[in-house]
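Chemist: Take a look at the letters that make up each chain.
Protein chains: 2
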Amino acid sequence: MFDLRPIGYVIGLLIAILGATMILPMLVDLAEGRGHWSVFLESSVITMLSGGLIALSCSNGLRAGLNIPETILLTSGVWVVLPLFGALPLMLGESELRLLDAYFEAMSGLTTTGSTVITGLDGMARGILLWRGILQWLGGIGIVVMAMVFLPELRVGGMQIFRAEAFDTMGKILPRATEIAAQISVIYIFLTLACMLCYVLIGMSFFDATVHSFTTISTGGFSNYDMSFGRFTGPAEYVAVLFMILAVLPFVRYVQLVNGNGRPLLRDSQVRVFVGMLAVLVAVVVFALMRSHSHPFEQALRESLFNLTSIITGTGYASADYMRWGPFFIALFFFVALIGGCAGSTTCSIKIFRYQLLFSSIRVQLQRIRTPHGLFTPRYEGKPVPPETLNSVMVFFVFFFVSLGLFSVALSLTGLDFVTALSGAATAMTNTGPGLGQLIGPSGNFAGLNDSAKGILILAMLVGRLELMTVYVMLTPAFWRA
Amino acid sequence: MFDLRPIGYVIGLLIAILGATMILPMLVDLAEGRGHWSVFLESSVITMLSGGLIALSCSNGLRAGLNIPETILLTSGVWVVLPLFGALPLMLGESELRLLDAYFEAMSGLTTTGSTVITGLDGMARGILLWRGILQWLGGIGIVVMAMVFLPELRVGGMQIFRAEAFDTMGKILPRATEIAAQISVIYIFLTLACMLCYVLIGMSFFDATVHSFTTISTGGFSNYDMSFGRFTGPAEYVAVLFMILAVLPFVRYVQLVNGNGRPLLRDSQVRVFVGMLAVLVAVVVFALMRSHSHPFEQALRESLFNLTSIITGTGYASADYMRWGPFFIALFFFVALIGGCAGSTTCSIKIFRYQLLFSSIRVQLQRIRTPHGLFTPRYEGKPVPPETLNSVMVFFVFFFVSLGLFSVALSLTGLDFVTALSGAATAMTNTGPGLGQLIGPSGNFAGLNDSAKGILILAMLVGRLELMTVYVMLTPAFWRA
Ligand SMILES: [K+]
Ligand SMILES: [K+]
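Just so you know, the sequences run in chain order A and B. Counting from 1098, one number per residue, gives the positions in the first sequence under this note's numbering. Counting from 1098, one number per residue, gives the positions in the second sequence under this note's numbering.
The following block holds chain A by itself, in its conformation from the complex (with noise of 0.2 Å):
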């Protein structure tokens, strides 16, 4: 059997964390002075004696490092149990939530996903919107590190690709995975930071200007605001389009950029795809706009870039309600959000590397074909890429889409209509956040669901979060063997 005492105590440490940062929406709430600052003590105490003593209890089984299976059981167990804990003050405050729907906030939270089931945010505590921020702020740094240090050591859906990489950019100066978070963290905090300063200036608030940093650089799209960044057309738009699309690019790039050499993020061939095909997206989006609704250039510019970006980082804000527009741009949206940014990063959905080395397998396939006996390798960035790798790749589409389809027929059978379900499932497995159709689209709200319909999103928004792989490794007999 496994030795969980070592797994217990980073997750109980990871707790308390947890519960010390609760302290920030107290003090915002006390300077507001609604009296609202209790519930955030209370749930800090709670919080942080749960962790302490989670720890303390799993402290005399401390070891160097984990194996396999246990590095899956942390990484799941980290995002099925901070939620719960996340939950605490969305329970017990303004927003007072059920249990479920708490829970439901906590995980759309530090999964990045920003599904809201909370209504009338415009009055809410803002202890609350700032504890929603603070999830995804901390989800997304999570992720980054999950993506970079656990992953690629776990071979999850191609990621191995990027193994020797992380460790040959910063292993010979920084060989252990506290350290590469360390330094992620910061530039991470440079980005939010920098979002945060730039939103000031063009005008938003200080305290909106905080959350929304937070939740564009996690690529979360929590807002302060029931119509979301509706409240801030205009140069906030062209603000938030820049730092969501710096948040999905590699962040060993940023490491080397800090390091004094800017070419390698430059000549990414993930970053040239992503922002090409953004390009071309945008482009076409204009065109249409323009031509099916007569905007003005800059406003359709505007629209079409920032909604696009929006999806396609996963972030899920939304500035238009886009459901509006047509059919073909909800058809585009909804496979839009299937594409995703660059691996190492706050994205999430399938990632453009996948992309690429598919479409780099199809080529061959397509070689092979016509010339049977050819040799033909799969390359990426030039190099070959293992048979092992893009099977990694492949298995995790087939999985992605079967996964899609399971959770789609579980939504419907709960009573969501089709396009509820099929988009509810993909939003929540693509950590994107809005769906399509009236209920859950842009102009929507998790809210009006039904419980079940709820927790299969949870576990939907779980299961994305974590590559699939991760989660689904634990299904299996032989996981939990020896």
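Hints listed in this document are in silico derivations from the structure and should not be mistaken for laboratory results. What you are looking at is a predicted structure, and each value in this text was computed from that prediction instead of being measured. Yeah, the Cβ is synthetic: ideal placement off N, Cα and C, and Gly gets one too. Don't take each hint at face value.
Pairwise CB distance ranges (calculated) [what the hints assert, rightly or not]:
1) LEU1503/B with SER1549/A: 55 to 65 Å
2) GLY1359/A with GLU1485/B: 33 to 43 Å
3) HIS1390/A with GLN1535/B: 18 to 28 Å
We have chain A; now place chain B with the ligands onto it with these hints.
Modeler: Below, chain B with the ligands without anything else, positioned relative to chain A:
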């Protein structure tokens, strides 16, 4: 460059044969005495003359064998050109279709899709109805031969796994493609006659039994009535279920059965997985129908058995409008259409063996994550699968979903709503027939679509029927080089 003459010769011959079969609906129209027979006489003469001229003009380039690119051109060419001639009676006759509509109907026939643009089938000249059945019947046998002889040779979408088999089983006695085709044809004709006889025995008219046996065994799904198979509720549904299932089992097993060896049929893992899965799905739907609609058991069993079999085999008859059953059924039917039957039959869609290979690959992947240094090999029927074959299957799967996305977006661009666009693309690519929604659902009709949408669907039917790669390989520049 290619020498197109051997390809033209074969296509010319097939056109002439198609023209000759037009004599049958001519005779039926003569017997009906409505004067409609001249339509088929004209069409037959034009078609046979055109085919004969093409074959003659190419006969000087006749060679013994075709190379790979020529085989690909031939396969695609047949399915592009034959519907043009198949469309003739539909344009000239009582159905009075425009060229695009007639081409759509003929393509839907020959690819065994079964989506129709004709309304008022109930009073239509019998020749037209028979001709639609003949188009599907010919398409069906064409597909079995293509799937057994050409696709394994072309290594398309993992079909190479059946390469050795077809030739091992029949190779020693029947080494040549035409002889395989002959033996398969005997079985195909026998199944059709058996189906027709059963339909007559349970009370269908001889004419209806003939046409519906044609469209059952080809899993085509054209019917003589606007309400499709809803006209024949009761025992006829069970007969249809039996023959739809027989039509999607691997035909090579029937060859073995005829030669006195029935065990391979019973032991084929594709057959077992297919029948097992169908049984589970039927049980689930019966349970759900009885609970939610309080159907009596026999009705629930019959309706779920018939409609599920119809969709999973890609036949596409409808006996009940399952759009009204509720969201669970709608979502389920959408995804079930993506399963398909067994390879080497008249079925289309993704097919059972691909899922078997994919899940085998997923299992290995999960084992590798758990135990990185273990040695695991994906297997099919106990035998290790070459990585290249596995790769082909995965590329097929990826390409299928990417194509589905592109076709959906293209359809939505013509103004179709999301569900119609997505389900339209899916039903065309899987050659099933009905989509979802009011317009193209089981009680709908494709006549109401605009021309661009019809054009896109024609392409999607073709691409799906030719297992994608056969078409896409022609889009690469390398294909056309030397
Ligand atoms: K998001
Ligand atoms: K069909």
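Chemist: Now look at each hint and say whether the structure bears it out.
Modeler: So, going through the hints one by one against the coordinates:
1. LEU1503/B with SER1549/A: 55 to 65 Å: Violated, at about 34 Å.
2. GLY1359/A with GLU1485/B: 33 to 43 Å: holds (40 Å)
3. HIS1390/A with GLN1535/B: 18 to 28 Å: Given a distance of about 26 Å, which is inside 18 to 28 Å, the answer is holds.
Hint 1 from the earlier list is the only one contradicted by this structure; the remaining hints agree with it.
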